[in-house]
Each structure stands twice: as structure tokens, then as C-alpha cells.
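Here the protein sequences come in this chain order: L and W.
Its first residue numbered 11, the first sequence is counted upward by one per residue in my numbering.
Its first residue numbered 210, the second sequence is counted upward by one per residue in my numbering.
Think of the hints as simulated: they come from the structure by calculation, not from any bench.
The structure displayed is predicted, hence computed values, not measured ones.
Don't be surprised by glycine CBs; every beta carbon is placed ideally from N, CA and C.
Accuracy of the hints is not assured; some may be wrong.
[As the list claims (entries may be wrong)] Stretch-level coverage of chain L by chain W, calculated; a stretch enters the list once three of its residues show a Cβ under 8 Å from a Cβ in chain W:
hint: 1; stretch: 45-53
hint: 2; stretch: 200-214
hint: 3; stretch: 240-250
[As the list claims (entries may be wrong)] Non-contacting residues of chain L with respect to chain W, defined by C-beta distances greater than 10 Å in every case (computed):
hint: 4; residue: 40
hint: 5; residue: 130
hint: 6; residue: 132
hint: 7; residue: 176
hint: 8; residue: 182
hint: 9; residue: 194
hint: 10; residue: 255
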Amino acid sequence: MRLIVCLGGLLALAALIAAGAADGVLSQYPLTKKYSNQWRLPDRLNEISGLALSPDGRLFGVADEFAIIYELDYDEGRIIKAFAFGDAPVRGDFEGIAILHDRFYLTTSDGDIYAGPEGSDGERVPFESFSTGIGERCEIEGLTGLPDEDSLLLVCKRIRRGSDLRRLQLYTWSATEKKLQDDSIELPERDILRKLRVDRFNPSGITTDPRTGNLLIIAARQHALVELTRNGELIDARELPLAGRHRQAEGIEISADGKLLIADEGGSHKARLAVYERSEQ
Amino acid sequence: MRKSANLMIPLTLITFYYVFWAGILAFMLIKIPALRDFFPIGGIGDLAGRNTDSFEPVYSSLDDTVLAPYGAVRLAFASVGAAILIIPVSWVYFITSRTKDVDQSFVQTIIIMPIVVTGISMIVLNSLALAFSLAGIVAAVRFRFSLDQPSHAMYIFAAISIGLGSGIGALGVAMVISMAFVYANLLIWKLEYGKVLSGPFFSMLTRRDRTEDDF
Numbered sequence: 011m012r013l014i015v016c017l018g019g020l021l022a023l024a025a026l027i028a029a030g031a032a033d034g035v036l037s038q039y040p041l042t043k044k045y046s047n048q049w050r051l052p053d054r055l056n057e058i059s060g061l062a063l064s065p066d067g068r069l070f071g072v073a074d075e076f077a078i079i080y081e082l083d084y085d086e087g088r089i090i091k092a093f094a095f096g097d098a099p100v101r102g103d104f105e106g107i108a109i110l111h112d113r114f115y116l117t118t119s120d121g122d123i124y125a126g127p128e129g130s131d132g133e134r135v136p137f138e139s140f141s142t143g144i145g146e147r148c149e150i151e152g153l154t155g156l157p158d159e160d161s162l163l164l165v166c167k168r169i170r171r172g173s174d175l176r177r178l179q180l181y182t183w184s185a186t187e188k189k190l191q192d193d194s195i196e197l198p199e200r201d202i203l204r205k206l207r208v209d210r211f212n213p214s215g216i217t218t219d220p221r222t223g224n225l226l227i228i229a230a231r232q233h234a235l236v237e238l239t240r241n242g243e244l245i246d247a248r249e250l251p252l253a254g255r256h257r258q259a260e261g262i263e264i265s266a267d268g269k270l271l272i273a274d275e276g277g278s279h280k281a282r283l284a285v286y287e288r289s290e291q
Numbered sequence: 210m211r212k213s214a215n216l217m218i219p220l221t222l223i224t225f226y227y228v229f230w231a232g233i234l235a236f237m238l239i240k241i242p243a244l245r246d247f248f249p250i251g252g253i254g255d256l257a258g259r260n261t262d263s264f265e266p267v268y269s270s271l272d273d274t275v276l277a278p279y280g281a282v283r284l285a286f287a288s289v290g291a292a293i294l295i296i297p298v299s300w301v302y303f304i305t306s307r308t309k310d311v312d313q314s315f316v317q318t319i320i321i322m323p324i325v326v327t328g329i330s331m332i333v334l335n336s337l338a339l340a341f342s343l344a345g346i347v348a349a350v351r352f353r354f355s356l357d358q359p360s361h362a363m364y365i366f367a368a369i370s371i372g373l374g375s376g377i378g379a380l381g382v383a384m385v386i387s388m389a390f391v392y393a394n395l396l397i398w399k400l401e402y403g404k405v406l407s408g409p410f411f412s413m414l415t416r417r418d419r420t421e422d423d424f
């Protein structure tokens, strides 16, 4: 009798886990060739390191090394325009981009944030810069906007040596107060590692699903996609089925019409931008 | 090239031929606009529209051409178009050929060549890897033959150009290539250009004496 109860309990738990996964955003994307389109990007985007969607649905990207922001047309496959922060574009290790209302934000791996308005093609726009202070503790690799909270969310890729941090964190930076908030969230690393069956997890990009508010984190090194609630609870984690198409996934976004966009840094090859459709079901 | 003769009849026939097929194409596109997806036209615009700011599709070169659901139909139309456009080129060969007995195998080669090139270029389109593969295959089969006359090379190039034009979905461009080749050849043949260097213009151009026989 006890055995039957235990088995029943296990089955119910499995069903709950399965239902939880099915409720997530990731499960809606088959991530197969049938539901995808992929572009090779021009040479100047070889080092693409982040993606962001504007409130009106336009896609923007930033490449490593310079604070130059590119508007990308992922339907037609072309660069629409490019503008830079500063007369001489700011140099840095730019790892993420986000848009809050009409303002563009870039982050470096050291956790410095650069903010400026949108420019026209070829324009150099004035900018402000802020130090979050996170860079001493961990290496920042992803940035996304939380428009409702007028905040930015920064994700750590790895903890720096000598840091007091035990786990990778998600940090909130208020665009209103221009400072880091105290409500950092620990990533559920253990759950993620168990689910992915890997030894390490190194996020390389983050975005927010516009419909559910869930967080989607991509990890280039592990070829993995992870979905978390806004509170940092694991919903789903899976390997990219088409890992061969993703050399180094650095940017992730979900459009208002549900397209999942993933940008891959090219290194010595051309960078790529993949567009995944949701399944019809 | 044989000696020039009256050009009016062949010129009229060839012009009528081009107008006839262009008319058929225009008529079909106007009556059934949905055919536009199947017809190999507008490809040159796609190529011209690409620049340094354009993305390159990872899979679509094949997906959009031969592997597309209508790829085979498009290839069939392109092949027929290439054949139609090479026919006047063969006529020009007949008209201007120096000998009465034309080289039949050569004529058949220039008729078939654009059809084959159309298929190849549709497969290779936008794919550097496939282009290199093709080069390797050609090298492996040692595709070589000698031409009887230097002018035959022109016909081979014209056939390849028409095939490439059709293969990239630019039948309009292939038509212009065909017409330019045909009319230019007929004109040069009619004028017997380069046969003699006498006359006031050539004397002025070359600064040679009109009576000077041996140049």
C-alpha cells in the first residue's frame, strides 16, 4: 500500500514538474529548422554581444569594443542604421544593451552603464555613464530592461576571484535613482546544473518575455537556455537543439509577436542572428 | 565569317522572335500575376539590393531556389527561357559562319550549355561552398575541349552568360545579353568591320598613307 502511495506521489510530482515546464515560454519554441530562419551578419557585427527591442518593436544590437548601436531588420535582413555614444565612440567591453522607454543603455563587463538617446544613422549622441560597482564582484554579461519598474537587470557570467559572492546574481539598477538596488537575486544554479547536467553555468545574455514577465537567460558556453520567474525560480532549462547553429549565443530577445531572437558572436567567422517562431499549437 | 549579305530578313525574323516571347511573358504575367513567383525574373534586383549592410541568409540559397516547393517549376521556366534566348545566338552562328558546313556538335553545345548552366547556377546561388565544390568537380572531370575558331569562344561565353542570367532568376538580363550579342554580331558582320583599313577615317586614325600596302 505504501509503495503504491509513494509511486502515486512520484507520478504526481513528475506531472507537476512537466506541467510547470509546459507553462513556461521555452516549451512553446520547438527550436527546429522548420520554425527558424538564420542570417549571417555583416562583418562589423562579428562581435555582436547583445540585443534589445524598442517599445515599438524595432531590434537593436551592440557589438563588443565600441558603443555603437545598430538597428537591425530581422525580416528583410539588413542594418537600418547605426549610431554611437560620443563624438569618438566610447571604447569598452560592451556586453549588453537594453531600452527603457526612449533611452538606450549599454553595460560593460565591468558593470559600467552608459545611457543615451536614440540617434539617426551615423549620428554621435551625448551619453551619461554610471558605475554600478558590480564589476569588482562579478563579470557582467547580460542586460535587459524592466520598463514597469524603470530598472535594468544585469546578470553575472562568473564570479571574480577574491569576491565575497557565493552564487551568480541578478542585479537591479534603477534608472530613476541611477543606482543599484538592494534586491539582488541569486540564480538557482544548483537546479540549473542538475537540469542541464553540466558542471557550470555561465550566462551570456538575458531578456524578459513581454507576455509572462519571465526571464530568459542564454548561456553560450553550455549552449543552453534557461527560463526563470521574476523571483529567480527555475521554470525550464534546456540545451539548444540546434547547437551547431549557435557558436556563441550572446544576445536574446522575444518580440511582441512571439519571435525568439538569438544573436551569436562570430569570432573568426561571421556572426549570426537566428529567428525562431513559436509552434502553431 | 562569311561575306555579308542582306540583313533585313534575318534582322526582322530575330526581332520578331524576341518580341513574340517577350509578349508571351508579359501577357502571362498580366493575366496570371501569381505566376510571378514561378518565373525567374527580378533576380538581378535582389543581387543589386545586397550591400555591406545586408545579412546573408544561412539556409535560404537552396531553400529559396531548388529546394523551395516551387523551385523545380522555377528551374523549368528558367531552363526553357535560357533555351529560347540561345536560339537566336545559334541563328547568328548560321548566318555569319564562314563555311557552308557548320559544326553541328558545336551548335548543339551552345544550345544545351545555357540550360545546364541555369541548373548549376540555381544550385550554387549565394553559396560559396557549393561554388568551390563545383570548381572541384569541374577540375576532377577535366572538362576541356578545343575550339576550331577563336570566334567560337564568344558563343560559349554568350551561352554561359545567358545560362547564368536565367539561373540567378534574371531572365530579363539574359534577354538583354542575348539581344546585345545577336545584334552586335550581325552589325559587325554586315559592316565587315576590320576587313580593310583603307579610307579617309582609318588613314586619319592610324596615320598611315592610303597607298601604303604593307603595314
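Hint check:
1. 45-53: n = 7 at 8 Å, threshold three: holds.
2. 200-214: Violated, because only 0 residues of the stretch 200-214 of chain L bring their Cβ atoms closer than 8 Å to Cβ atoms of chain W.
3. 240-250: violated (count 0)
4. 40: Holds, since 16 Å exceeds 10 Å.
5. 130: Consistent with the label, residue 130 of chain L stays out of reach of chain W, its closest Cβ about 15 Å off (over 10 Å).
6. 132: Answer for residue 132 of chain L: holds, closest chain W Cβ roughly 12 Å.
7. 176: Residue 176 of chain L is indeed farther than 10 Å from all Cβ atoms of chain W, at 41 Å.
8. 182: holds, 34 Å
9. 194: holds, 37 Å
10. 255: With a cut-off of 10 Å, residue 255 of chain L comes too close to chain W, as the shortest Cβ separation is near 7 Å.
Violated hints, listed in ascending order, are 2, 3 and 10; each of the other numbered hints is respected by the structure.
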